[in-house]
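Now for the letters of each chain:
There are 2 protein chains.
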Amino acid sequence: MNRIILEPKELEADGCEVLLTDARAAHLRRVLNVVPGQTVRVGLLDGPLGVGEVVRIEAEGVLLRCRWEPVVPEVPRVDLLLALPRPKVLKRLWAQLAALGVGRVYITNAERVERNYFDTHVLKESFIRGRLIEGLQQCGDTRLPRVSVHRRLKVLLEGDWSAEKEGCERLVAHPAGGVCLSEYIPLRHPERALLAVGPEGGWTEYELALFEKHGFASVSAGERILRSDTACLALLAILHEWMNFSTKIA
Amino acid sequence: MNRIILEPKELEADGCEVLLTDARAAHLRRVLNVVPGQTVRVGLLDGPLGVGEVVRIEAEGVLLRCRWEPVVPEVPRVDLLLALPRPKVLKRLWAQLAALGVGRVYITNAERVERNYFDTHVLKESFIRGRLIEGLQQCGDTRLPRVSVHRRLKVLLEGDWSAEKEGCERLVAHPAGGVCLSEYIPLRHPERALLAVGPEGGWTEYELALFEKHGFASVSAGERILRSDTACLALLAILHEWMNFSTKIA
Numbered sequence: 016m017n018r019i020i021l022e023p024k025e026l027e028a029d030g031c032e033v034l035l036t037d038a039r040a041a042h043l044r045r046v047l048n049v050v051p052g053q054t055v056r057v058g059l060l061d062g063p064l065g066v067g068e069v070v071r072i073e074a075e076g077v078l079l080r081c082r083w084e085p086v087v088p089e090v091p092r093v094d095l096l097l098a099l100p101r102p103k104v105l106k107r108l109w110a111q112l113a114a115l116g117v118g119r120v121y122i123t124n125a126e127r128v129e130r131n132y133f134d135t136h137v138l139k140e141s142f143i144r145g146r147l148i149e150g151l152q153q154c155g156d157t158r159l160p161r162v163s164v165h166r167r168l169k170v171l172l173e174g175d176w177s178a179e180k181e182g183c184e185r186l187v188a189h190p191a192g193g194v195c196l197s198e199y200i201p202l203r204h205p206e207r208a209l210l211a212v213g214p215e216g217g218w219t220e221y222e223l224a225l226f227e228k229h230g231f232a233s234v235s236a237g238e239r240i241l242r243s244d245t246a247c248l249a250l251l252a253i254l255h256e257w258m259n260f261s262t263k264i265a
Numbered sequence: 016m017n018r019i020i021l022e023p024k025e026l027e028a029d030g031c032e033v034l035l036t037d038a039r040a041a042h043l044r045r046v047l048n049v050v051p052g053q054t055v056r057v058g059l060l061d062g063p064l065g066v067g068e069v070v071r072i073e074a075e076g077v078l079l080r081c082r083w084e085p086v087v088p089e090v091p092r093v094d095l096l097l098a099l100p101r102p103k104v105l106k107r108l109w110a111q112l113a114a115l116g117v118g119r120v121y122i123t124n125a126e127r128v129e130r131n132y133f134d135t136h137v138l139k140e141s142f143i144r145g146r147l148i149e150g151l152q153q154c155g156d157t158r159l160p161r162v163s164v165h166r167r168l169k170v171l172l173e174g175d176w177s178a179e180k181e182g183c184e185r186l187v188a189h190p191a192g193g194v195c196l197s198e199y200i201p202l203r204h205p206e207r208a209l210l211a212v213g214p215e216g217g218w219t220e221y222e223l224a225l226f227e228k229h230g231f232a233s234v235s236a237g238e239r240i241l242r243s244d245t246a247c248l249a250l251l252a253i254l255h256e257w258m259n260f261s262t263k264i265a
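So the sequences go chain by chain: A and B.
Numbers in our numbering are just positions in the first sequence, counted from 1, shifted up by 15.
Numbers in our numbering are just positions in the second sequence, counted from 1, shifted up by 15.
Fair warning: there could be bad hints in the mix.
Below are the DSSO-like pairs computed for lysine-lysine, each with C-alpha atoms no more than 30 Å apart in a straight line [what the hints assert, rightly or not]:
1. A:Lys-103 with B:Lys-169
2. A:Lys-103 with B:Lys-139
3. A:Lys-106 with B:Lys-169
4. A:Lys-139 with B:Lys-139
Listed next, the stretches of chain B that the computed footprint assigns to chain A, with coverage defined by at least 3 CB atoms under 8 Å from CB atoms of chain A [stated by the list, open to error]:
5. 60 to 73
6. 256 to 262
These are computed hints drawn from the structure, not numbers from a lab.
A virtual CB, placed ideally from N, CA and C, is assigned to each residue, including glycine.
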């Protein structure tokens, strides 16, 4: 826990004081061994970063007084469209996605996704939220990825998300074909990117045609076929570096 | 299992026929539902890629006849020096490292590694080998990463590995400081890279000084603090893209 993430509703009316009583308090006491006067890194969910000074350590919890930075971190510039992976894989993926940084996550069905995967508890909003916040506390960001679940890829792609796509590079990961990212990346300087990662077994020809119709360029990171969680992390990391690099040379 | 990996000792004297009787045979029969005459992707461990034709399906196994490509895949151009992570994390990491591609893995102790981590079965050679081959079968490569375990970082860094370091860019990942990879990468065109990733809690000042003394440049992929497994995968992916890009523009 490299940054304690607080929710706006937890703060006292002054917007500064908070009494922590849960796992975060336990972390402050037992891992960081804080004493009154000490400061720790805090962040307001979807709000600014800050520092929290330990005011009191009581039986019921730890009282922090926070000072907030004036600016709020930007929303990560990469979004992810992910064919629902096996629940066991997705369970571990949420925190890692939040840690690497992703603005939106569209979870979608696909022809090679097993239907019963949609019954999993790892798609429950409360579960997802907990894991995403865990990732934010690891990486130090405050921007909670927005997650939505879609039962039909075609409906998602044809839906009304055009406003979100402006200035957004659309990419579909496809190991067997497409342009290698290292050839494609240096030619483009997008504001945002939306990356589609397929299920185990990959996208079908029909799905790839749908993506093409909706302006997605087919890309790969070499000839290796990665498991969908590895592919998400590898491609998100490459895209973030690319966005940073583009911004610097622009 | 996107490619069936065979070990040289499994092949008949002609170097082409192999009778599979284990999980690979089960995969061919039950997942791929192969029939005689059908071909599947095969690879010889540390050797060439190839195709295997199903000759017979018998009670005791599946008989393949393989044709091998003339060239052997190159060893991945990135090596990893990794402070021993929690066993639970390392257990899942082996296959992912092999899938992303890594030439050598040096597992090392560090000040912030808990000593009892070294007792884990996930450092046993047979365990590691099984997981690495699983990763190769996923990604389709045949090059088995070479793994060694080191109890003292200082001894490792001062040891006789100079021959392996020629033309090799040495990098130590350090989220708090160092140059951002996206600024550093475009300036360099190395043959190989060696990436050092620290434990939870990071490298100590003493360790960072040791790395600096041994020619490691301190780099980060942004301000986010990643868990050590996420950091490995993210940085390996970025480095591979970099090497590919460098090779193309060279």
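The hints, checked one at a time:
For a cut-off of 30 Å, the pair hint linking Lys-103 of chain A to Lys-169 of chain B is broken: about 38 Å separates their Cα positions. Annotation: proposed proximity of Lys-103 of chain A to Lys-139 of chain B holds, straight-line Cα distance about 25 Å (limit 30 Å). For the hint pairing Lys-106 of chain A with Lys-169 of chain B, the CA-to-CA distance comes to about 37 Å; that exceeds 30 Å, so the pair is violated. Taken as a hint, the Lys-139 of chain A and Lys-139 of chain B pair is broken in the structure, with Cα atoms around 38 Å apart against an allowance of 30 Å.
Evaluation of the coverage hint for the region 60 to 73 of chain B: breached, as 0 residues show C-beta separations to chain A shorter than 8 Å, against a requirement of three. Interface restraint, the region 256 to 262 of chain B with chain A: holds (4 residues with C-beta to C-beta distance below 8 Å; minimum three).
Going through the hint list in order, the structure does not satisfy hints 1, 3, 4, 5.
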